[in-house]
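Protein chains in written order, with my numbering: chain P, 1 to 255; chain V, 256 to 572.
Calculated directly from the structure, the hints in this document are not laboratory data. Note that CB positions come from ideal geometry on N, CA and C, so glycine has one too. Each statement offered as a hint is correct.
Stretches of chain P that chain V covers, calculated by requiring three or more beta carbons in the stretch to come under 8 Å of a beta carbon on chain V:
| hint | stretch |
| --- | --- |
| 1 | 13-19 |
| 2 | 23-31 |
| 3 | 83-90 |
| 4 | 93-104 |
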Amino acid sequence: MFKEQRFSNFIFNLRGSLVVAEKDARIYYLKPPVIIFGILFPVFFFLAFSLGRQVQTHILVPALVSMTLFFTSSSVGPLVTPWERGARTYERLLSTPVSLFAILLGDVLAGLVFGIVISFAPLLIGIIFFHTSILHSAIFLVGMVLSSLCFSSLGVLLSSPATEAPSQVMMLSALIRFPLIFISGIFIPLENLPSWGKAVSSVSPLTYSADLIRYSLYGLEFYPVFLNIIALLAFSIAFFTFAVKLHRKNLIKAL
Amino acid sequence: MMEKKEVAVKVHGLTKYYGDFLAVDNVSFEVIKGEIFGFLGPNGAGKTTTIRIVTGILLPDKGKVEVSGIDTLKNPIAAKKIMGVVPEVCNVYVDLSARDNIMLMGKMYAVKRREREERAKELLQKFDLWERKEEKTRRFSRGMKQRLILAMCLIHQPEVLFLDEPTSGLDVKSSRMIRDILQELRSKGKTIFLTTHNIDEANILCDRVAIINKGRIVASDSPEQLKGAFQKTQSVEVSFNVTFADVNWMESIPEVNRCQRLGDKFKLYTQNPDALIKKLGEHAMKNNLHFTSLNTLGPSLEDVFLKLTEERETTDV
Ligand SMILES: Nc1ncnc2c1ncn2[C@@H]1O[C@H](COP(=O)(O)OP(=O)(O)OP(=O)(O)O)[C@@H](O)[C@H]1O
Ligand SMILES: [Mg+2]
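One chain only, chain P, in its complex shape (with noise of 0.2 Å):
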């Protein structure tokens, strides 16, 4: 009897996310400039990384690949609860029968959804103009989704400082997602990094999905690709479980 309770909370709850994506996306996302933004941003990156330098193909889309999921799926994530807040819905939306897990599941839902429809802009300059093909199409799918689950919770976890003023979020974001790309050197091949360059780089989730939809697209891998799933899985379980816990502990302080 509470068994069945539990699990009908728990179908309910998952239920109750899909709701809040759709809700996301109907509200924060599908904004033309939100939109246009996720795809302008990672070709500018591109541009200042590659312009002027030699940098072969095989390197290079699934950088602009990776890059553009991680920049579009933890886009809007750190925006939302802030959002919410200073609109005054955050508390009414806490008060439905959806629990603050589940509002969040629904917020990196959306995030990873977005991150990936926004990406195929990339992949298809690449198959138009790099003549790429899929090679291994389901590790390009686990790629795709696990890449931006990873991102689209970070963007998540990136929400949960107590204020309602988008603009600190945004700072906050800026001053991790930056360097999170620099470090990760996506533009360079993992193989010419020197070693001090492998370790920093390690830390790096984009690391890892770069180096996963490289071997997708061109059998090209410097981890294995175990290690690279598995990576961008901890990195996942690792944001999202930090998340619920400062969007708990953070709840009342800015309600």
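Given the coordinates of chain P, assemble chain V with the ligands onto it according to the supplied hints.
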């Protein structure tokens, strides 16, 4: 002929600290099914904190809460399903239409699609929002938004409503509409718990009132029964063209319960402002004093609390 009264909300020994600050101090009360129960208190009394705990948003440090027999702390999901909540500071999603706001809440409570659509239509009509249902709510007036917020919390046909100052900041027409709807909901058997710092609202609307001050309940009764306490705290503020050191004559007027000096004014507490003003007039006439100001003040919450807290403390001893 005593009907057995069903308890809808049972709160026992609720205690909540913010850091070292005791915001809610051992609060207990019961709300009977089908009544409107008012939680009356001044700013910072702990009303919102209490309502947040009861609706499962905050966890208490101590205490128990049951809503329709469900332990909110042990099974928040099941409890929240039968509650309708309007938080104190709360808004609609301004990027969504009125209808979509209601539908979104319906989805959060897993109301079936058909039912959701039918109920949304009913609610929009009832709250006089039907004409503008497709419009984004960004430009809705305060009153329209508040009506929509109330409509949103009714989509899943909750048994118990929790409303934190549902009419504060609204014009007379909107407040009235909301009060009428609350009374109608009660007549349909819903239980309503609301907070307010408006004594009149508590009088008009509530079957029973608990008065809370500094985190503690100081009185709990029907508004009629509490009227005595309210009435004793009516007052008359008066000043004359001369200032006098001796106010004995004022204190000796039998209608005056207490006299307080406020600059050049005197605040006289009384149950009977009418008789008091007549006496003041007589005295002024006889002694050739001129009134420079004269005000009657209705019962003020702060005074009611003082009064009740004093009474309680003296009976406690
Ligand atoms: N998140 C918080 N952190 C610290 N103190 C808080 C917090 N929320 C409320 N308080 C304090 O707890 C006390 C009770 O606050 P609460 O909001 O419950 O009062 P209230 O009766 O709803 O007042 P009002 O009529 O102003 O809405 C106040 O003194 C308030 O300053
Ligand atoms: Mg309050």
